[in-house]
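K.L.:
Sequence:
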Amino acid sequence: MSTGSLQARAEGWLGNNDVRLLIALALAIGGLYALFSVVLGFQLNGTVNTLRRVAFLSAIYAMLALALNLQWGYAGLFNLGAAGFMAIGVYTMGILTAPVTASPPGFGLPLLVAIVGAILVTGIIGGLAALPAIRLRADYLAIVTVAFSEIVRLTLRAPEFANTRIAGVAFGTGGATGLSLPSNPIRILFYTDPATTAPATNALGAAIFSAVEPLGIEETLVIGWAYVIVLCLCLGLLYWLMIRIGKSPFGRVLKSIREDQQVTQALGKDTRLFKIKTFALGCALMGLIAIFWRLSGGYASPRMFKPIQTFYIFIALFIGGTGSPTGSIVGGALFASLLFEGPSFIRRVVAEYLQLSNAPDTLVSALAELGTLDVTPLLAYSVQDVSISALRLMLLGIVLVYLMQRHPDGLLGHRKAIASSVALSQQATREDDNE
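Residues in the sequence shown are numbered consecutively from 88, following this note's numbering.
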């Protein structure tokens with residue numbers, strides 16, 4: 088069978104079915120990592136953990152791209168302060184759930200109540216931040232939002248708020264040290280008392296752990312995969328919600344604002360109110376997704392919410408294409424699996440299977456050895472933790488330049504969203520046929 092016929096069959100199977108496209112993408116990414124792990128002789132636990140981390144990051148960045156797509160892709164709101172609103176959501180949840188006797192103290196509320204409170208607080212702050220900034224053009228709005236994000240991060244980092252008391256209420260952000268968060272809530276499915284150091288398994292946990300025990304898979308990996316499955320369900324729900332919003336009258340007004348705000352105002356729409364609602368909703372979603380992100384680790388620190396985090400989300404959105412919910416998921420998955428996690432995976436492979444000498448101190452020293460046709464110093468320099476971060480940024484820059492040159496609309500941004508709730512062109516064709 089020729090390559091052309093296989094490609095034609097694949098395109099025919101995918102067609103315009105976005106669900107099939109997303110399933111095929113997930114299988115391709117998972118298969119690629121699994122293949123490399125098997126070929127390189129990784130242990131089963133290592134392979135399962137690698138797939139878990141890739142799936143986890145893909146789900147998180149896909150959801151963040153969907154939330155940002157609501158603001159930028161639908162309404163044209165250039166929010167460069169996403170990291171700040173993520174921090175507000177995480178820290179609000181952490182402060183609300185922290186025990187009153189802890190250091191720093193909190194309010195001791197249940198996790199679900201704290202999550203709802205964090206969503207409301209993040210949405211309200213997002214709406215209030217949008218009030219003075221929403222009148223600005225896209226570039227000035229970006230400056231204001233990134234400045235607001237840095238104000239939030241530096242406030243959380245300030246020692247004055249690490250352990251403070253306001254109006255007689257004691258609480259704290261932990262300052263530069265960070266804030267402890269509740270343990271992975273999925274543990275309650277497997278243990279009777281997940282908060283203890285050595286919890287006893289319940290019936291479900293005992294059954295699942297005994298089933299995977301012959302394979303040698305650790306309990307922590309099972310819990311991690313259960314959390315990933317829950318995240319994928321949340322991703323599916325958010326994806327459905329974004330599609331519904333895009334096809335609703337509210338979503339059509341947002342797209343009209345993005346294309347021409349003056350025309351939308353002339354049609355009698357209060358564009359300022361629509362933009363404030365959209366900005367607040369997007370910020371609330373970012374806060375919720377950030378909670379999902381940090382609950383897996385049980386810890387949050389201000390350094391996790393630097394402006395580079397917002398840049399990552401925009402790259403994921405640009406890869407898939409703005410204005411397309413499916414493109415947001417595709418971009419988030421490709422960014423997380425190939426650009427974000429890919430360099431770290433390559434570093435582990437190179438470090439484990441190549442006997443590398445001590446790494447040179449500078450890139451110039453590493454490149455100088457190429458004159459003797461010895462690439463070992465360059466490889467040793469490249470697989471350092473610091474160099475991996477620089478390599479990731481280089482890859483992001485290359486991909487961004489390529490997209491701007493070859494695919495300025497992203498992989499799926501070329502799709503045209505139907506503004507009407509009915510297919511007008513199809514209706515017109517039927518009327519012509521009847522004549």
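Hints were generated in silico from the structure; no laboratory data involved. Misleading hints may appear alongside valid ones.
[Stated by the list, open to error] Pairs of lysine-lysine, DSSO-like flavour, derived with a Cα cap of 27 Å: (1) 334 <-> 356; (2) 393 <-> 364; (3) 393 <-> 356; (4) 364 <-> 342; (5) 356 <-> 342.
For clarity, every value in this text was computed on a predicted model and none was experimentally measured.
K.L.:
If a hint holds in the structure, say so; if it does not, say that too.
P.N.:
We went through each hint and held it up to the structure:
no., hint, in the structure
1, 334 <-> 356, "holds (17 Å)"
2, 393 <-> 364, "holds (25 Å)"
3, 393 <-> 356, "violated (36 Å)"
4, 364 <-> 342, "holds (14 Å)"
5, 356 <-> 342, "holds (12 Å)"
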